[in-house]
Amino acid sequence: MKPERSHNDIRIGFYVCHCGSNIAATVDCEAVAQAIARLPGVVVSRDYKYMCSDPGQELIQQDIREHGLNRVVVASCSPLLHEHTFRNACAAAGLNPFYFQMVNIREHDAWVHTDRAAATEKALALARAAVQRVRFHRALEPTRLNIRPEVLVIGGGIAGIHAALTLANGGKKVYLVEREPSIGGHMAQLDKTFPTLDCAACILTPKMSAVRAHPNITLWTYSEVVKVDGFVGNFTVTVKRKPRYVDEELCVGCQECVKACVFKEPKFPDEFNAGLGRRKPIYLPFPQAVPQVVLIDPDRCLRLKTGKCKQTCVEACADRQAIDFTQQEEQVQIQVGSIIVATGYKLFDATRIPQYGYGRYPNVFTSLELERMVNSSGPTGGEVLLRNGQPPRSVAFILCVGSRDLKTNRWCSRTCCMHSMKLAQLVREHTGADVTIFYLDIRAPGKGCEEFYDRSLQEGIQFVRGRVAEVTDWALSPEEEGKLVIRVEDTLAGFVRRIPVDMIVLAVGMEPQADAQELRRLLNLSCSTEGWFLERHPKLAPVATFTDGIFIAGCCQGPKDIPDSIAQAGAAAGEALALIDKGYIEQEPNTAYIEEADCSGCKSCIPLCPYNAILFDELKQKATIQAALCKGCGTCVAACPSGSIRQNLFEDEEIFSEIEGVLA
Amino acid sequence: MNSRQPHTDPNWQPRIVAFFCNWCTYTAADLAGVSRLKYAPNVRIIRLMCSGRVDPQFVLEAFARGADAVLIGGCHPGDCHYVEGNYKALRRFQMLRRLIKDMGIEEQRLRLEWISASEGERVRTVINEMVEQVRALGPLNLPGRFADWDREVAALEAHVHAGETAAQALEAEVVHAQA
Numbered sequence: 001m002k003p004e005r006s007h008n009d010i011r012i013g014f015y016v017c018h019c020g021s022n023i024a025a026t027v028d029c030e031a032v033a034q035a036i037a038r039l040p041g042v043v044v045s046r047d048y049k050y051m052c053s054d055p056g057q058e059l060i061q062q063d064i065r066e067h068g069l070n071r072v073v074v075a076s077c078s079p080l081l082h083e084h085t086f087r088n089a090c091a092a093a094g095l096n097p098f099y100f101q102m103v104n105i106r107e108h109d110a111w112v113h114t115d116r117a118a119a120t121e122k123a124l125a126l127a128r129a130a131v132q133r134v135r136f137h138r139a140l141e142p143t144r145l146n147i148r149p150e151v152l153v154i155g156g157g158i159a160g161i162h163a164a165l166t167l168a169n170g171g172k173k174v175y176l177v178e179r180e181p182s183i184g185g186h187m188a189q190l191d192k193t194f195p196t197l198d199c200a201a202c203i204l205t206p207k208m209s210a211v212r213a214h215p216n217i218t219l220w221t222y223s224e225v226v227k228v229d230g231f232v233g234n235f236t237v238t239v240k241r242k243p244r245y246v247d248e249e250l251c252v253g254c255q256e257c258v259k260a261c262v263f264k265e266p267k268f269p270d271e272f273n274a275g276l277g278r279r280k281p282i283y284l285p286f287p288q289a290v291p292q293v294v295l296i297d298p299d300r301c302l303r304l305k306t307g308k309c310k311q312t313c314v315e316a317c318a319d320r321q322a323i324d325f326t327q328q329e330e331q332v333q334i335q336v337g338s339i340i341v342a343t344g345y346k347l348f349d350a351t352r353i354p355q356y357g358y359g360r361y362p363n364v365f366t367s368l369e370l371e372r373m374v375n376s377s378g379p380t381g382g383e384v385l386l387r388n389g390q391p392p393r394s395v396a397f398i399l400c401v402g403s404r405d406l407k408t409n410r411w412c413s414r415t416c417c418m419h420s421m422k423l424a425q426l427v428r429e430h431t432g433a434d435v436t437i438f439y440l441d442i443r444a445p446g447k448g449c450e451e452f453y454d455r456s457l458q459e460g461i462q463f464v465r466g467r468v469a470e471v472t473d474w475a476l477s478p479e480e481e482g483k484l485v486i487r488v489e490d491t492l493a494g495f496v497r498r499i500p501v502d503m504i505v506l507a508v509g510m511e512p513q514a515d516a517q518e519l520r521r522l523l524n525l526s527c528s529t530e531g532w533f534l535e536r537h538p539k540l541a542p543v544a545t546f547t548d549g550i551f552i553a554g555c556c557q558g559p560k561d562i563p564d565s566i567a568q569a570g571a572a573a574g575e576a577l578a579l580i581d582k583g584y585i586e587q588e589p590n591t592a593y594i595e596e597a598d599c600s601g602c603k604s605c606i607p608l609c610p611y612n613a614i615l616f617d618e619l620k621q622k623a624t625i626q627a628a629l630c631k632g633c634g635t636c637v638a639a640c641p642s643g644s645i646r647q648n649l650f651e652d653e654e655i656f657s658e659i660e661g662v663l664a
Numbered sequence: 001m002n003s004r005q006p007h008t009d010p011n012w013q014p015r016i017v018a019f020f021c022n023w024c025t026y027t028a029a030d031l032a033g034v035s036r037l038k039y040a041p042n043v044r045i046i047r048l049m050c051s052g053r054v055d056p057q058f059v060l061e062a063f064a065r066g067a068d069a070v071l072i073g074g075c076h077p078g079d080c081h082y083v084e085g086n087y088k089a090l091r092r093f094q095m096l097r098r099l100i101k102d103m104g105i106e107e108q109r110l111r112l113e114w115i116s117a118s119e120g121e122r123v124r125t126v127i128n129e130m131v132e133q134v135r136a137l138g139p140l141n142l143p144g145r146f147a148d149w150d151r152e153v154a155a156l157e158a159h160v161h162a163g164e165t166a167a168q169a170l171e172a173e174v175v176h177a178q179a
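So the sequences go chain by chain: A and B.
At the far end of the first sequence sits residue 664, using the numbering used here, and the numbering has no gaps.
At the far end of the second sequence sits residue 179, using the numbering used here, and the numbering has no gaps.
Treat each hint with caution, since some may be false.
[Said to hold, decoys possible] Simulated pairs of lysine-lysine, DSSO-like, Cα-Cα distance not exceeding 27 Å:
| id | chain 1 | residue 1 | chain 2 | residue 2 |
| --- | --- | --- | --- | --- |
| 1 | A | 242 | A | 227 |
| 2 | B | 38 | A | 49 |
| 3 | A | 173 | A | 227 |
| 4 | A | 539 | B | 38 |
[To be verified] Restraint-style ranges between C-beta atoms, simulated for each label pair:
| id | chain 1 | residue 1 | chain 2 | residue 2 | range |
| --- | --- | --- | --- | --- | --- |
| 5 | A | 116 | B | 103 | 32 to 40 Å |
| 6 | B | 94 | A | 589 | 28 to 36 Å |
| 7 | A | 496 | B | 132 | 49 to 57 Å |
| 8 | A | 601 | B | 102 | 29 to 37 Å |
| 9 | A | 268 | B | 76 | 44 to 52 Å |
| 10 | A | 170 | B | 128 | 51 to 59 Å |
| 11 | B | 156 | A | 601 | 38 to 46 Å |
| 12 | A | 408 | B | 128 | 35 to 43 Å |
| 13 | A | 601 | B | 161 | 38 to 46 Å |
| 14 | A | 53 | B | 132 | 35 to 43 Å |
[As the list claims (entries may be wrong)] Quick look at which bits of chain A chain B covers, simulated, 3 or more residues with Cβ under 8 Å:
| id | region |
| --- | --- |
| 15 | 114–122 |
| 16 | 627–638 |
| 17 | 648–660 |
No lab work stands behind these hints: they were computed from the structure.
Just so you know, even glycine gets a beta-carbon here, dropped at the ideal spot from N, CA and C.
Isolated chain B (complex conformation) (with noise of 0.2 Å):
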């Protein structure tokens, strides 16, 4: 990862998704808005009916476009209004720590949250918590390093069709040579 510099931009801002179910956590965001309780503004939360929604692909997705960070919400085990979408989004969660990790993504910048529609202040919580592990961890910039990749090919792929022209070259040369 040597895209990979110390941050020195000082107006940087984590970028936070959130996917929110709409039974429970969804809910208790309303509720902490509802009570007025103030939380870092980093968090940009998406609706979905479940949990159990969250393709793994939507938060390599996110990763991929630039979030620094993604955060699934859900309803307590046992209280999923799916009867278990919950417990399927435990399952992917725990797949894509893995692959993300794999991927050089720390593991903090993926996170699964229990918050059942009462627990407004979990939900002010969880995101403060969450944006102040990101800013220590810095940006992830998931497009620039893909730029950067793709430099590199670019410069990799001139460097090879460049010898194969100059190998080309002399190869007629050769044979002009011969005649």
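Here chain A stands alone, though its shape is the one from the complex (with noise of 0.2 Å):
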């Protein structure tokens, strides 16, 4: 590249803000100002005591339109805060912002130093240096990308089906990709929702429905994404579309397939019910599932399995003909230009805790066991029941299963005292029972969460602290005869204690789901080390991630509740209307590029770049980078044998001038 102007033509005005006090305590900016006047090309050199004010930046305008600068350095706070800031107001003043430089001499010199001869001495090293760069800048374009309208949401449940209904409603087209045979997610599984006690179903079936019937929502269950290529703006995403042997189109949801199944009675542990109830080979996951199409478990039809069956399903749907045994697996491709997910979470497995006994003694149950219980439409008609089919008459929680626990979890899973609040309560709504909570601390911080809170310990449930020990069946006194026994330290009684319990429910927390690292890549997200999806900032971008054009709402971010969920997705939404409706996006110029006449094809650079950006032409022999694609992290440049990478705004001479600068 060439030069833009010669060094003769070059012409800097350098400024050095007082921030108030917060620079010029440490810093002493007039002699900064006076040193830097003395170097080569700079034409005005001042101090200001607020730079980003209107008149200080009204002052770098109008020394660029009065002294012809062609380059601009500004040492004042970091560049991550007010670089744009700066850069506008060169812009403004029809210098190209990339002319422009900053120096950080408040978070990185005033802030963390006392002695003012030293911090000033390094102001001045830090400004020199830039001076010495920003000769070397060029005029550069934000690069734009035209957005795709259309958006994908992966994941059904009340997170993905939120954030796809505002987006539809807002009149963009929407993708809903459900793993599951139908949407709705843990929400659809959960009776009453706390702490409210309004019935989960009547909220979330309307939802679901609308999904169903919302012309801009195409609405793919039973489906995968197993491929996304591309960037923001234009990914083109593989779905894969899992066989229900049972057409969609066709299927209205009749389920006289169901009855007429060879299977006289449901056999098989069915899922929706975590394993309580019982289904058919051919069923509907529940009854409000959407879409309404049944679908046939290749497991377990005797049809698919072995090729023999009277089909009496078949007979059954008679001219539909919505049964199709030879339905095979599709993938269809998709192009959209953002992509929200709310894939969720999946629940901690009890059985990792062995002391508590689940799987061991049939009375222990985990939490959602219990929730399906106590759905009137759920296994045992809303009945809370021992395995022996009595009504317990004493019911412990046993709280942070899985959470808040150095052996498996650390974190907190935010639900579960809530949940298991809302359950003790509907425990003695249904039965009767004497309730006992053990836990750790309550934590009930929602809106509405610690009067609920207040509600549970008035209507008799009791709560002890601390962390249960271990639950047997071992009896040492008559009254433990035939019932499983806690042991527990009470820390605030301070002595051990063995509490004798029909039922035992286990509150078990909340895990990133399993394939959780394989969407991650796909995506190319971050997670943290907990393995949930990281966010850009944990305050400013919330539901950002570090790959432009993606977001991230409810539990797939860390556990939360169903609004905070709800809220998280209306913010996904609103991101991505927002990309959308812009039409395109700036990107920062930083981009790699390949002179090609020095590149002498090696290919080193190829396998460095985590975007796949740089392509090999077999014909020139030579790298290529597709400047779309680059994130411009540079690691391409500092490779480059040759030296025929380089990086706009991080030149080799660029930061070069810069070492020198500072050790000048």
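Relying on the hints, combine the two individually framed chains into one complex.
Shown next as structure tokens:
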């Protein structure tokens, strides 16, 4: 690249900001301005109280016009804070904003040092580096990328549903991809929701139906995203559609086939009822399922397993002919501009804590199993029953199972305190049993939650503070016979107790989905060490990710309750809408490019690029960089043995001159 | 290294050049500032988008220009904004460490640290530690050593040249005498 101007033409304006007294208290700003004024090419060198203020910016603009400045350096705070402010000021005066360079003398100098002389010397060194560097700057244009208006939402739980509906109502085309045969997610399995005790189905099912009916939503259930190519504005996504063996267009959900199935009685554990209920090989996942389309379990269906069956289901379907045993897995490709990930969580596997006896003692349940039991359309028709069919007289809840535990998961799952209190109230309502909750701390920070806790106390629910050591059926006294005994140190009473109960409910925590890491790689996201998807900034960008155009919502980002999930889904949809409606995005032009003449075609750079932005032109025997894919890390630049890869804004000359400047 | 004498200048201060990635370590240094943590003023931070951009030549250039030590800061393994730029930085760091050792530069003068955006405290600890270590090592003074080497080479050249002239003169004398 040819320099835009010869060095003689370079006219630099240098400004050092006092930031009130934030900088000036530690750095002698006047001395810095005077010293910089003596450097070659510096036409104007000033210090000013607040450079970021309107008059400060006006000062720069005036100097650009009056002194014909073509480079601007401001020594003030971190470029992460105000770089765009000063770039815009330059642009407003007609100077290409990339002729600007910022020096961080507040966060990296004035605020971290006490010795005024040393801090001033450091400020001077940093300023000198910038003044030397800015000479090499070139006029750049931010690259513009067009954004496709379609959005993919991965995950059809409450977060995915809400995001899809928001976008669709905004007139955008949405693809909603759900792995299970119905949308609804974990919320569909809930009976009532805390702290209002309103029925989960009553608030969820209308939204589920709205998804099905919405002209802007393409709903693909029983489908998974298997491949994602491209970048913000233009992703190519491959979706795998698993065979249901029932034609979705033809099935009306009458379930005549289910009645007609050769299995007269439902025989197989039912996933929706957490294994407590039974279903047939052909089934509707649950009564309110969306879409209202049955499916056939190929591992259970005689026709699919053995080929030998009377196929009474086909007869029952009669003229509709919706059942199709020849269905195959399909792969569909779609083009979308942005993606919302709302893949949710998985429940902690309670067998991982063997001392609580889940799977060993029949009357130890998980909170989800109890949830299904209290539901009137659940496997027990809404009755809370022990495995022997009797109602329990005493029920204990053990909290923090797989949460806040160094042996399993360190994090708080946030909902289990409230969820258990809700179940405790329902159990009391349904059975009148004595209910004890074993807790570490009660966490009830949500709106109306503390009041709900108070109500639980008033309803006579007992609270014992302490982590339960063990659940055993080994009776030491007559009243413990035939019961499950909880051994716990009551940390408020200060002694170890044995408490016999009929039923134990484990409040299992939330964990990242088992395949979260695979999806992370598919989408080039980051995960926290625990495996939750990482947001771009915990406060300022809570639904954006480090990959432009991909947003996260709901529990895949971390445990949260329904209101928070919905709020986040709305935020993610809003961010996606803002992106789409602008029609394009501007990217920092810090991309790498290749000086073709110097490229030896060694291909060392190609495997280094995490974005596959570098292609090899077989014809020319040269590497080429697709600017739209390049994210500007500069790894290839540092690796190129012939020095033919260069990076805008971080050219070798620029960095060498900075090194020279700080050490001069 | 005959030019390396124990430093006697009482005013000598170590000079450390730091290359920090934009997303983690530079942000951590900003956080240290916002938290008003105090640390030694001997480090000059140069911002790059990723530790993967640190060309080994930058490190060598810094030493050659008079840095007493070089610090590279990147995101923790697995946290790189650019997926794996920090691993590339690690590879180059390993190579550089061997290289500078062969050049007679102590290994402690080059350091690579993973500091995430939330670890402002770590910035302070690392910088303070490094300044102390380098203070104990004394100045590296590569420019001074280059000057010494240049002088040595110049002296050698002059010596060889003088020898050649003398030989030529002798030869000319012999030829003259024979004639």
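* Please name the hints from earlier in the document that this structure breaks, with their numbers sorted from lowest to highest. => Every hint satisfied by this model.
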